[in-house]
Amino acid sequence: MPEVDRVIHEPGRLVIVALLSSIKEADFTFLLRETGLTKGNLSSHLSKLEAASYVHIEKAYRGKVPWTLVRLTPEGRAAFKEYRKQVNLLLEGQNGRSSGEHCRA
Amino acid sequence: MDDLYLISKRPFTFWAQDGLPSLVFGLNFMLTGLVFLIGFSLPRNPFYPFAALLLWGVIILASRWGLMKLKRRIVFPRSGYIAFQPRGWMFHASVIAIGIVLAAFVPIVIRQSSFHGWTLNAGPAAAFLFALASLDSWFRYRFPDGILLAGVSVAVGVWMFHTHAQFISGLLWLVIATGGAGAFTGGLRLYVFLRTSGIGKEGPDA
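From first to last, the protein sequence lines are chains A and B. First residue of the first sequence: 170, per my numbering; consecutive thereafter. First residue of the second sequence: 1013, per my numbering; consecutive thereafter.
Derived from the structure by calculation, the hints contain no laboratory data. By construction, the Cβ of each residue, glycine as well, lies at the ideal position given by its N, Cα and C atoms. Misleading hints may appear alongside valid ones.
Computed far set for chain B versus chain A, every beta-carbon distance over 12 Å [what the hints assert, rightly or not]: (1) 1039; (2) 1046; (3) 1056; (4) 1108.
Pulled a few chain B residues facing chain A out of the computed Cβ check, cut under 10 Å [unchecked claim]: (5) 1017; (6) 1019; (7) 1022; (8) 1023; (9) 1058; (10) 1061; (11) 1089; (12) 1102; (13) 1147; (14) 1207; (15) 1208; (16) 1211.
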């Protein structure tokens, strides 16, 4: 059975990575709104993704207001692509087992 | 995995949901249509086609600049900022190639339509194609006005058919009508967006 990437597999981080996969970059406010996470939760997930080198976080200022930009790294994009393959394989394997059991029954 | 696909499409919905793209490009369409409609009603002058194309280019560039300026000022501070992946050279080359083919195709259609009496069908056919393109933008990019624009295109196509509208003027009215519809709904959505979205703050946790 293929092992899924546990860094991406967590639901909050999975949504973050899925959102970032189709764009170049986004800021903290966008991710906050779209994920529905609390600020602390989102920060924690982003830190874990950054530790795994899946995202690059850039801290800047918009005037005097702090501004955090997040983008997927090439490793992060590759990891997400691999994760989708792993889960598809898992699901196909599960479907095959279920239909086989049905036939035996 | 279908859910992940839907999540990855959400930035496209986010980009359009404040109404600014519909408003700006709706006004763009209306202005373009009016400029060409006025141009075709003026006495013939060899300078006019070049002036019209130049003006069209200026309108397109000004729309893009205006949209990004308004997004930075009004939308990004409220609902967040995103940037799409830059398109590669192949995409830009394809767009230019398609533009050249269309620019060569339209005079041929006009010529053939007046010669063979296709005028009655070419305009409604163009409206039908525009409706399909609108539905495609709704389906692929979650563009919220796609269905409305498709409906307006079909309505204009039916009007063109029943009034025996000339191809060029019918097409220009199609552009003006869909632009107007887009600008109207875009303006409404922008109004609702501004009333419901406050300025976001990252806070010390970010």
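Now the hints, each set against the structure:
1. 1039: holds (26 Å)
2. 1046: Residue 1046 of chain B clear of chain A: closest Cβ-Cβ about 35 Å, beyond 12 Å.
3. 1056: holds (47 Å)
4. 1108: For residue 1108 of chain B, whose nearest Cβ neighbour in chain A is about 23 Å away, the distance exceeds 12 Å, so it holds.
5. 1017: holds (8 Å)
6. 1019: holds (4 Å)
7. 1022: Holds, about 6 Å.
8. 1023: holds (5 Å)
9. 1058: It is violated, given that the least Cβ distance between residue 1058 of chain B and chain A is near 44 Å, above 10 Å.
10. 1061: This interface hint is violated because 38 Å lies over the 10 Å limit.
11. 1089: holds (8 Å)
12. 1102: violated (18 Å)
13. 1147: violated (21 Å)
14. 1207: With a minimum Cβ separation of about 17 Å from chain A (threshold 10 Å), the hint on residue 1207 of chain B is violated.
15. 1208: Not OK, violated: residue 1208 of chain B not within 10 Å of chain A, min 12 Å.
16. 1211: Result: holds, 9 Å to nearest chain A Cβ.
Figure legend: structure checked against the earlier numbered hints; hints not met, in rising order: 9, 10, 12, 13, 14, 15.
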